[in-house]
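Taken in sequence, the protein lines are chains F and B. Here the first sequence is numbered in the working numbering, starting from 21 and rising by one per residue. Here the second sequence is numbered in the working numbering, starting from 42 and rising by one per residue.
Since the hints were derived computationally from the structure, they do not count as laboratory data. Hints are supplied without guarantee of correctness; some may be wrong.
Stated by the list, open to error - With a cut-off of at most 30 Å between alpha-carbon atoms, the simulated DSSO-like pairs for lysine-lysine come out as follows: (1) F:K88 x F:K98; (2) F:K88 x B:K77; (3) F:K98 x B:K77; (4) F:K44 x B:K138; (5) B:K111 x B:K138; (6) B:K77 x B:K97.
Being a predicted model, the structure only gives us computed values, none of them experimental.
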Amino acid sequence: DAGVIQSPRHEVTEMGQEVTLRCKPISGHNSLFWYRQTMMRGLELLIYFNNNVPIDDSGMPEDRFSAKMPNASFSTLKIQPSEPRDSAVYFCASSLDRVWTEAFFGQGTRLTVV
Amino acid sequence: GQQVMQIPQYQHVQEGEDFTTYCNSSTTLSNIQWYKQRPGGHPVFLIQLVKSGEVKKQKRLTFQFGEAKKNSSLHITATQTTDVGTYFCAGPLNDYKLSFGAGTTVTVRA
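So that you can see chain B by itself, here it is in the shape it has in the complex:
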């Protein structure tokens, strides 16, 4: 069945550097959502992308939805220690079921 795949699983970043996490689906997605989970915390919604080729920015975070609506990316510039956590993408399998990617766990070296 349709699943959302996410890479890389781990990202070790030097403070101040940029990084990108990628999300791929075998089928076209109606929308894609991104969540962040801090260590010991719960997933918190960041953003939803709906349109083909859509790009949205939240401060240092840039989210992109592919033209074919099968992939998405999250790019973080000038990484800070506050960016530590696991970033999940999630795409709908149907009207109510979200398929969560495995997540990219980010650690930051000061």
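Chain F on its own, in the form it takes in the complex:
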């Protein structure tokens, strides 16, 4: 397996534009997580899906953020409209079974909003 695949690796966009980040989890994993990493706040969980269903989105900063998982092999995180304070590295991770097994992280998307 190629691991968790995220795209794009880097994204530079102008304030106000829509940004869509993509993730392909490891086949067979039923848990998917979206994290955001910044120097100030560290690793923050944004949303958690289990069997394609959003279980906890309490970490999503505000209504500008939305996430979907239409099937077991694909998830998106959308920011609309984007703001400079959204600049961060966004990681997608998947695991076999919630927090009882290791989480496999993708290589991340470095988002810069100018």
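Model the placement of chain B on the given structure of chain F, informed by the hints.
Relative to chain F, chain B alone:
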């Protein structure tokens, strides 16, 4: 709410020396995980500890889970340049949410 605290934030080590990073929780943890993130990279799972007082070793890395399951440590002996990176501990807040410590960023002087 429960959070996992990690110290020190930075560790500057002379090559060949040992160092330890510590992780503490205000509540009992069911398990604790350790991850390493190389500069510019992504977190990579190192190990999971489950049992009270558990000690696990991976070559020069020794991981320990406290008797009360509220603290953990990572000790690295004879530090090498390949050890550079940020080491995170993570403990579950519930069945699916991991609380990551702030991480210990390690730099090595050759």
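So, going through the hints one by one against the coordinates:
Taken as a hint, the K88 (chain F) and K98 (chain F) pair is honoured in the structure, with Cα atoms around 9 Å apart against an allowance of 30 Å. Restraint check for K88 (chain F) and K77 (chain B): the C-alpha separation of about 28 Å stays at or below 30 Å, so the hint holds. Restraint check: the Cα-Cα separation between K98 (chain F) and K77 (chain B) comes to about 27 Å, which is no more than 30 Å; the hinted pair holds. Proximity of K44 (chain F) to K138 (chain B) is assessed by CA-CA distance (about 20 Å); at most 30 Å being required, the pair is judged to hold.
Simply put, K111 (chain B) and K138 (chain B) have alpha-carbon atoms about 17 Å apart, close enough for the 30 Å limit, and the pair holds. The hinted pair formed by K77 (chain B) and K97 (chain B) meets the criterion: a straight-line CA distance of about 16 Å does not exceed 30 Å.
Of the hints listed earlier, there is not a single one the structure fails to meet.
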